[in-house]
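Visitor: First to last, the sequence lines map onto chains A and B. One rule links them: number in the numbering used here = place in the first sequence (from 1) + 154. Once you know that position 109 of the second sequence is 97 in the numbering used here, the rest is easy, because the numbers rise by one and skip nothing.
Hints are not guaranteed to be accurate.
For lysine to aspartate or glutamate, the following EDC-like pairs were computed, each having C-alpha atoms within a straight-line distance of at most 20 angstroms [stated by the list, open to error]: (1) Lys227(B) x Glu354(A); (2) Lys234(B) x Asp92(B); (3) Lys364(A) x Glu461(A); (4) Lys234(B) x Asp394(A); (5) Lys364(A) x Glu415(A); (6) Lys227(B) x Asp395(A); (7) Lys227(B) x Asp230(A); (8) Lys227(B) x Asp13(B); (9) Lys364(A) x Glu413(A); (10) Lys364(A) x Glu354(A); (11) Lys364(A) x Asp384(A).
Honestly, the hints are just simulated from the structure, not real lab data. These numbers come from a predicted model, not from an experiment.
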Amino acid sequence: MIAAGLVFALLHVGSPDVFYEGPAGPYRLLVTVRPPQVIPGVAEIEIRSPDADVAELRIVPLRMAGPGALYAPTPDQAHRSREDAQLYSGSLWIMEAGAWQVRILAQGARGDGALSVPVPALPARTAGMQRALGGFLFALLVLLGVGLCSIVGASTREAQLEPGAKPTGQRRRRARVGMVLAGAVVVLGVVLGNGWWNAEASDYAEHVYKPLALDARVTPDGRLELALRDPGWLSWRRLDDLVPDHDHLLHLFVIRLPEMERLWHLHPDASGPGRFVETLPTLPAGRYALFADIVHASGLFETAVTEIELGERVGPELSGDDSAGPGPPLAQADFGRTTFPLAAGGRALWHQDGAPLRARRVAWLRFSIEDADGRPAQSLEPYMGMAGHAAVVRRDRAVFAHLHPSGSVPMALLAQVNPQAAHAMHGQGQAQAPSAQIAFPYGFPQPGPYRLFIQWKRAGRIETAVFDAQVMP
Amino acid sequence: MAAVPWPIWCAVLAVTSAIIGGQWDISWHRSIGRDTFWTPAHMAIYLCGVLAGLASGWLILSTTFARSQNARAASVRMWGLYGPLGAFIAAWGGVAMLTSAPFDNWWHAAYGLDVRIISPPHTLLALGVVAVQLGALILILGRMNRAQGAERRWLRALFLYVGGIMVAGQLTFILEFTDRSMMHSAIFYRVVALAIVLVLCALARAAGGRWPMTSMAAVYTVLTLAFEWILPLFPAEPKLGPVYQKVTHFIPNGFPILILAPALALDLLWARAGDLARWRLAAASGAVFLGASLGPMAVWRLPDVRSLAQLGVRHPLSQLFRASGLVLGAQPVPALRAHARPALGGPGGRARMRDGDQLSGSLVG
């Protein structure tokens, strides 16, 4: 029933669904949560469990923080699909906008386990009425209006007569007057009702999610100053409550336009509430798209976007977690290419199983790194605590998502809702060397052409591979 | 009783089904929180439209196409069809109710699921139900005015029953304005007066006889008490969080508002009105209604009965409430609406309980 006139304004830019793969006790679960676009609304949950010994999965929605995080209602059972025994699904009502979590309780042969996935619940759109429905309702409205007038006329004219008596001329005139008055009342009612509807609609539209805006400017001495600005949404959103997500308050992705032939992944320093500053590295003149990922303490995570013209810059070498990587211009993009040569020798491969990528269907994006001899690369290190990072951008920049091997959720929030597993998760990244196989779970939200930037760390260097994908509807 | 035609029984059943469905649905949203289209409460409401459509459809079609002219001579005519006026009104109500269903469905998809009673689609539904009630009343009245003896008494009883249901429907529609806490402010009395005075007076004039308004207020009171004591007998579990109180049974919608007092006062006034000019009677009625509302309600609220009960003070009303609840085995259940208007929830999950901490008035005060 949702027709034209949709306005998407979503987290991760155009990518509202949440993907997460992680442990629920002894079981591993791949969870997809599709939050409702209208709040209060129904979130759809899909869980894929490769372990055959899961007997039951139950799901419940909770707030991320506060008393709502503690007082959960009775969990619902997720339904196992008849066609696919590993697939469970369910739906949950999300009643208020804000930061929520979906808790999954697993029961099976190896005992019990629990997993929580942070889910932002944001009113994302206002909807117009479908033409057919609008026409049908309007026709009924006319029927009711005319019916009301006719009923008033009939009752004035005839209701008080004796059986068999005919209405006099005076009665008929009064009936006509009555019908006209009734008509006026109907019109007034419709006008007032329409005004009420418009008031409700505009009231709702005010609560549609508006991401933080990003103001960027370059100082004469080559520093990029960023300021987050609240365009006006719910009063509880703040700029001074950012929490670090693997050690950085803000992850900045800079992509050169229009060919997207180079990506920089930078980490500006905070210089005030919602203000950041970064010394720009060496980069050519041109127009750049900036994507700034932040995480609020309330559990909300956002991507603020902007574009900026930059002149040619000579700057310091990239250091620490900052990284950059080149790729072919979009004009020369090859959707069938599955290898990417690496400057330090070797290549990155994208393993595709031949099936086309489809929108809104979760799939594993699997990559592997080979050294110059074609063997799996050695000496891989965690890059900001993870085996790899991916940035997925639709060519028209309507979609931007920052992914990890565990999914699309910031690690800081995962730790908040899964305190018992937090240590284990970080341990996995740092205790052992990551393997040369890196996989990201993701469901592309819309069909179209995308560019994927994959990053990892090998022998102290951060490397970037660039691939292109055509996602089918 | 046998002389009352089946379409009238059908209409009476329709309005009964609607009020049961309405009260049940509100309690469902308080207790469980979420529902689907096909819950029994929703079906009870739509059954009203179906029954109204059936009864009025049959009446109109059988009158229009009857062989003899008698029925047509005694009917009104609209759009080339003949039938009792009440049938046309009830049919209008049924169409309005059915129109509100897809409208409500779309409204939830566009602006969020049910969090309140008064919304445009719900208002259309309420108008439809009122029209069905009005149609039923006029159907009964038409026959009642021509009947005598036992049949007339039966029909008058049915008339007052449907009138009481109409009053109950009005008070259900304005439930969000009739919290006990709001009795300390003017809004409560304004909204209650808007909702029921016209209905009570108009139907009392039509019914005639003794104690019409008191009877209708009594129907509302008994109906609401029945809900108060029957609903908590059924188990229910909240499916929406945060759950601040452990709810195990359906939470009823509140002890009946004490409209018996103003209804009784108005009946006494009207019985003694004699030849008083209409406008004088109207002015006096308004004053009496307000005075009779404020007085007893204020007395019962001051001091706060619940606090008295908790302190163990023997206040007659608190004892009555507790006794009546215990007799039927119902548990005193705190009624909290944990979810507030959409999009205004803060990060702490602050449940904005618009109605305050509202306890089920019947059992604790």
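Visitor: None of the hints should be skipped; say for each whether it holds.
Guide: A quick look at each hint next to the structure:
no. : hint                  : verdict
1   : Lys227(B) x Glu354(A) : violated, 27 angstroms
2   : Lys234(B) x Asp92(B)  : violated, 31 angstroms
3   : Lys364(A) x Glu461(A) : holds, 17 angstroms
4   : Lys234(B) x Asp394(A) : violated, 36 angstroms
5   : Lys364(A) x Glu415(A) : violated, 29 angstroms
6   : Lys227(B) x Asp395(A) : violated, 31 angstroms
7   : Lys227(B) x Asp230(A) : holds, 8 angstroms
8   : Lys227(B) x Asp13(B)  : holds, 15 angstroms
9   : Lys364(A) x Glu413(A) : violated, 28 angstroms
10  : Lys364(A) x Glu354(A) : holds, 19 angstroms
11  : Lys364(A) x Asp384(A) : holds, 8 angstroms
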